[in-house]
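A.B. asks: Sequence:
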Amino acid sequence: MPPQRRFGQEIDQNVRRGPNISPADRQGIIAKREEGVPVRELAAEFGRSESAIKYTIRTYTKTPTIEERPRSGHPHILSRRLEKIIYRKARAAPKIKYSKLAKDGVFVNADGTTTKPPSHSTFSLKLLRFLEPLPLHTPLLELNLTLQLSLLTLLLGLCFLEFLLRLISLPYCFSSSSLTQLARRPEDRATVILLALLKYEARKLRSSVHHLSVQYELLKHENEGLKEALQHKKKHRKKGKALDLQQRQEYHGGSVFWSPRKLREARAREAVRERDETEEKLQKARSKKQREEARLQRQDELEERRVERQRLKEMRELERAEKAAERARQKEERDAAKAIQLPQKGKRRASAATSSNNKRQKRVEAARAGAQVQEEPPAPPSKLTSRGRNVNLPSKYR
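Counting from 17, one number per residue, gives the positions in the sequence shown under our numbering.
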């Protein structure tokens, strides 16, 4: 029974592999192999596998120097390891220059000389599958297609219009029988020549229209293909996400195998995380919508308050204007009444003044007579406030 194979052993060996073979070791391997030393002893001496020793001998004993190569020979064929190195560099920097990649494709021969670097075409073929391709749908290409379609439509319209004008201006049709009948009459030879020329022009016009229609269909088909390729590229541009397997400790060894239970748990965690992200996005969208509605409602309320303030202000101004007009009217009425009553009051005041003077004189005389008869009574005692101040009554209350 063969021994059970342990998965990841090749990866572990690649991780534990030592540095590359130096030019001195390479020369020693080739020299000892030419002396007849077995490959197994060379592998044990230099610490390499037998396949590595065989590859070194097979690669560097074919053409040891550049001078021995034919003048039209190709550079050294890239190994699988160099292809991986170039692939990683190009993937890390898609816009890397040729000179930087060419340094990795140079081999050092047994005598210390170097080989030619790989050509541009070699790198293009090797890196075609992973280098970033040119965009198929660019604004310049779209503009070019739009202009071509516009010009094609314009040319088709002009050609059709010219064709209709020529058909309307012709007195006869383009059939061969009509041309033969006209040719029998000598006076209509000029007309026959004109019709023949017009028939030739019509044939040219028909072929031009056919050519333009074919070009239009080709451009339309190409445009649809470019759009489909762009959609396909956008669809496959999405990158996959690694599962959260929750490794307990950091691991730098070979391959790791996970049980189906771990995978189910990781997928469940991924589903929960996606659901939480979706709910969070929905919650943010709802909050944003609510804030927008609150802002609009607040604006409406402020607008209503402003309109109400403006209405009240206009009402107050109108009331002030009405009151001012009423006061002005009342003042005019009072002034008019005073102007009418002023002459009458002047006469009455004059008569009343004379009578009052006489009465005052009589009263003064009577008072003097009474004073002589009896003395004036004593003045009443002055009233005091709660704080002990004198209260001076007005003259009309004394």
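Note that these hints are calculated values from the structure, not bench results. These figures come from a predicted structure and were not determined experimentally. Beta carbons: idealized from backbone N, C-alpha and C, even for Gly. Don't take each hint at face value.
Each pair of labels, with its calculated beta carbon distance range [to be verified]:
#1 A47 - E99: 26 to 32 Å
#2 E286 - L228: 29 to 35 Å
#3 L228 - K251: 58 to 64 Å
#4 A108 - D292: 32 to 38 Å
#5 E335 - S303: 43 to 49 Å
#6 H227 - E286: 54 to 60 Å
#7 L221 - K243: 29 to 35 Å
#8 H227 - A258: 54 to 60 Å
#9 R302 - K257: 23 to 29 Å
#10 A258 - E99: 23 to 29 Å
Here are the simulated lysine-lysine pairs, DSBU-like style, with alpha carbons at most 35 Å apart [as the list claims (entries may be wrong)]:
#11 K116 - K304
#12 K251 - K105
#13 K100 - K251
#14 K250 - K236
#15 K249 - K220
#16 K300 - K249
#17 K251 - K220
#18 K113 - K297
#19 K304 - K105
#20 K243 - K297
#21 K257 - K329
#22 K278 - K105
#23 K300 - K250
#24 K113 - K257
#25 K305 - K250
#26 K329 - K412
#27 K113 - K48
A.B. asks: Each hint: holds or not?
C.D. replies: Now for the hints, and whether the structure bears them out:
For the hinted restraint 26 to 32 Å between A47 and E99, the CB-CB distance of approximately 29 Å keeps it satisfied. The hint said 29 to 35 Å for the Cβ distance between E286 and L228, and at roughly 56 Å that hint is violated. With their beta carbons about 35 Å apart, L228 and K251 fall outside the hinted range of 58 to 64 Å. Distance hint for A108 and D292: a CB-CB separation of about 33 Å, consistent with the stated range 32 to 38 Å.
The hinted window of 43 to 49 Å between E335 and S303 holds, with their beta carbons roughly 48 Å apart. Taking the beta carbon of each, H227 and E286 are about 58 Å apart, inside 54 to 60 Å as hinted. Under the hint 29 to 35 Å, the C-beta atoms of L221 and K243, about 33 Å apart, fit the expected range. The given range of 54 to 60 Å is respected by H227 and A258, whose C-beta atoms sit roughly 56 Å from each other.
Checking the proposed 23 to 29 Å range against R302 and K257 shows it holds: the Cβ atoms sit about 26 Å from each other. Between A258 and E99 the C-beta distance comes to about 25 Å, which sits within the given range of 23 to 29 Å. At most 35 Å may separate the alpha-carbon atoms for a hinted pair to count; K116 and K304 exceed this at roughly 51 Å. Between K251 and K105 the alpha-carbon distance is near 26 Å, which keeps this suggested pair within the 35 Å criterion.
A threshold of 35 Å between alpha carbons decides the hint, and for K100 with K251 the separation of about 27 Å falls inside it, so the pair holds. The hinted pair formed by K250 and K236 meets the criterion: a straight-line CA distance of about 21 Å does not exceed 35 Å. Using a Cα cut-off of 35 Å, the hinted pair K249 and K220 is violated, with the two alpha carbons roughly 43 Å apart. Proximity of K300 to K249 is assessed by CA-CA distance (about 31 Å); at most 35 Å being required, the pair is judged to hold.
For the suggested pair K251 and K220, the alpha carbons sit about 47 Å apart, so the restraint of at most 35 Å is broken. Among the hinted pairs, K113 with K297 is inconsistent with the structure: their alpha-carbon atoms are about 42 Å apart, more than 35 Å. Taking the CA atoms of K304 and K105, the gap is about 45 Å. The hint is violated against a cut of 35 Å. Taken as a hint, the K243 and K297 pair is honoured in the structure, with Cα atoms around 31 Å apart against an allowance of 35 Å.
Among the hinted pairs, K257 with K329 is inconsistent with the structure: their alpha-carbon atoms are about 66 Å apart, more than 35 Å. Taking the CA atoms of K278 and K105, the gap is about 34 Å. The hint holds against a cut of 35 Å. For the given pair, K300 sits about 27 Å from K250 by alpha-carbon distance, which is consistent with the 35 Å threshold. Of the supplied pair hints, the one linking K113 and K257 holds, its CA atoms being roughly 30 Å apart against a limit of 35 Å.
About 31 Å separates the Cα atoms of K305 and K250, which keeps this hinted pair within 35 Å; it holds. With a CA separation close to 50 Å, the supplied pair K329 and K412 exceeds the 35 Å bound. Taken as a hint, the K113 and K48 pair is broken in the structure, with Cα atoms around 40 Å apart against an allowance of 35 Å.
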